[in-house]
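Each protein sequence line maps, in turn, to chains U and S. Quick note on numbering: the first sequence equals residues 1 to 459 in this note's numbering. Quick note on numbering: the second sequence equals residues 1001 to 1445 in this note's numbering.
It is worth saying that the hints were derived from the structure and are not from the lab. Note that the Cβ used here is the ideal one computed from N, Cα and C, for glycine as well. Don't take every hint at face value.
Here's a subset of chain S near chain U, in silico, CB distances under 8 Å, partners left out [what the hints assert, rightly or not]:
1) I1089
2) E1186
3) D1208
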Amino acid sequence: MISRKLAEELISVALSTGADFAEVYEENTRSNALRILDGKVDRVTDSLLSGVGIRAFLGTKTVYASTSDTSREALLRCAASVATAIADGSADVKVHLTEKIYPNAHPIRICPSSAEVRFKTELLREATDAAKGYHESISQVSGTLLDVDHITLVANSEGLYTENRSVRTRMAISAVASANGENQSGSCSPGRCMGLEMFETVKPAEIGIHAAKQAITNLGATYCPAGQMTVAIENGFGGVIFHEACGHSLEATSVGIGMSQMAGKLGQQIANPKVTAIDDGTIPNAWGSINSDDEGNPSQRNVLIRNGVLESYMIDRLGSRRLGLPMTGNSRRQGYEFEPTSRMTNTFIDNGPDKNEDIIASIEYGLYAKEMGGGSVNPLTGAFNFAVREGYIVRNGKICEAVRGASLIGTGSQILQDIDMVGQNLATGQGMCGSSSGSVPTDVGQPLIRVSKITVGGR
Amino acid sequence: MNFENIKQLFKQAAEKAGLEEYEVYYSSEESVSTETLKHEISNFSFSTSGGISFRCVYNGKMGSASSELINETVIEELVERAMANACVIESDDEAIIFEGSESYAELPPMSSELPSTQHLKSVSLALEEKLYSLSPMIVDGTQTAAASFVAERMLFNSYGLELSNKIGNSYMMANAVVNNGEESVESFELSRGVETDAADELAQKAVDSAVSKLGAGKVKTGKYNIVFDARQMRSILSTFSPVFSAKNALLGLSLFAGKEGTKVAADCVTITDDAMRDGVALKTTFDGEGVATYRKDVIKDGVLTTLLYDLSTAKKCGKTTTANGHRGGGAISIAPFTMCIEAGSLTLDQLFETAENGIYVTEMKGFHAGADAVTGDFSIECAGFLIENGKKTVPVKTFTVAGNFFTLLQDICALSDEVSLPAASGFTTFGSPAVLVKDMSVAGE
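Okay, chain U solo, but in the shape it has when bound (with noise of 0.2 Å):
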């Protein structure tokens, strides 16, 4: 990694022109990914990512520039291009980095990246035999062990200089079940912050038989009925509502230009009471977690929404600056060729007052979407949308027939109205990420809830 000394002479670098803030961001990652296709390991990719962004602000004036050439003159090259695009002084800025060492709440006992390979096959083996051997309709199977090492240093202006590490490991397996030329599909891919002794207590074989399961379940739906219901969405990855609905229009990204339905409506009250929502990146060794984050502040739990009450935003350095309100730690970013911003990290709505078999009984027709798929947000106006990957009608209180290819859209600010059921087995799901930082592992979660009325996409 970039040695303090060398941080310190490019930070001085990009603030030579009058800058009032610099930072140096160096990553190197290493990522592998074991792949079975048809029953055969078909592909095993491995990369290492390696690079340096060098930013610098004035004001909420930014300038980006990332080279994977970390050679010490293509570096100062690098921060001397910043510094002319920044500003046109003068400045001789001296500065000291002292370096911090956060503790780390997330231990690693099995490192993948040193883990023999036909350890890794063996796990990944287990789940697709598992799903394939599930039910003779299953016809194909596909399943990805996936492992990155990702080492960063930030070190800026403020004289801060740190290094992380954090190691992420995921299976993802996929499932095809096809009876009279049809085809339906089920997946399953739990991911933590861990190595591979995630799979001691994720067992590959249940990884292999959820998706298989869904898969079977798909084949024998009927299609998903059209228009308005009462849904119930159940917990783990349905916590991709909020995530969705409401999560991205937190963000300061979004927030800090006014482009947020939720901007400016800090106190007041934008959900049902009953609604409680967090982001927390310090769960030990949960999927969306990290030490500190991607401008070197540590990670912190940050209560997004109290009983329906707007507490918090999540804010990175340009969207404090563009608030005035502190940051929370959730500055994120893919890697070095992406500028950070302001991210989710294990974002969820608590437990809440209902039963969950109560729940289920208060719905006379509606859906019971047992799992969801991902989704996308647009934050200006709060209109989202999310697939439904597993889903059953219910009726008079009773969940009944498998019904497939359902979508629910809505508005942000209107769904958070209509939570108005908030079970208690709150559970989480793992997802990645897309925004304007790149792509990043997120976790979402909920335990059940009732949304009174929501459109329900299907035929």
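Please build the complex by placing chain S on the supplied structure of chain U, with the hints as guidance.
Okay, now just chain S, sitting in the frame of chain U:
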């Protein structure tokens, strides 16, 4: 380190390791972009990046490894890692390093210089100023950007094949946000090039589009004739393009398996793939395995003429590669280059007349979640305009259109007379005219 040095080091390392068949792929890119907000340049970014990937045949299997860090030690490590990775492969796909095509097309010459930073700054500011001047409803949050990149990709292998392409693109972006006192809506538009002259037209398009969305109403749940605008039809084609992969067909992941030579779409549907198509931002003369690219009909008058193949899938199926191998790190996967639904004969207004009553869909969101290429099913959030008595009328939003791609191809009734290509894209690009599909399921109120 220049590519000549890199080649020599790989040759030495491969020889030392006793490798007979190997390939080195190198890509580098320089890019620059500016963004504006509230009448100022809010962000200026530039980047240089480069990476190398190495593939080799070892014990009859293909292994690969890639790195952005390039030095002598890393090169030796890449060779070792690729060999170790080959040892893990169990698939019986034949490992092929390509000897070379008979001939390769040439790309038109292009400048390897990026536009000046001063020019990019002034064109973004001029574009923003124009946006604000076009409507009193334009509000802060409105943003513009101008960006440009140049890149080079090179391939050499143990058969002495040496190929290179220089490519690049520039574009402007206008994101107009309008507020009428009741609601804010935005419209995001891109155009190719960073010429100041083109800024006015782009600004007008973005503002007109944003203003036209104000006051959007709801639609009732039911069956509607749908005209997908060209941009949405491109997204649909892109989402379901994996169904054209012969590898997916072999694995039972595409319902086009076994359908080559059969009718899969309406007579009016012809779909081509051409890496050198006129008007596309990025052209390429060779695919990720070094095979010369060429134009092909994928669907001709409704008949599936060919799936897309790379070298090993073609070998397995007794076919010839269609030069559709794409690089993703060291791995090769099958994808189109520029896949287009070819134009029909109606103007957009005539499409509305043919539809009579229905919805003109101009926005679709969430394909990554709401569509599944394995099943063909989709259910997608949409916005657009009603079509009433053959004319486009009022804006509508917050509804879904659901269907199945395989059925949709058969149900296309008519196409507009102009193929639209995106202003900026990667190596895989999709083009389409607007299309009319009758009786689709819509969920709204």
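Tested hints:
1. I1089: Since the shortest Cβ distance to chain U is 6 Å, the answer is holds.
2. E1186: holds, 5 Å
3. D1208: With Cβ-Cβ at 18 Å, over 8 Å, it is violated.
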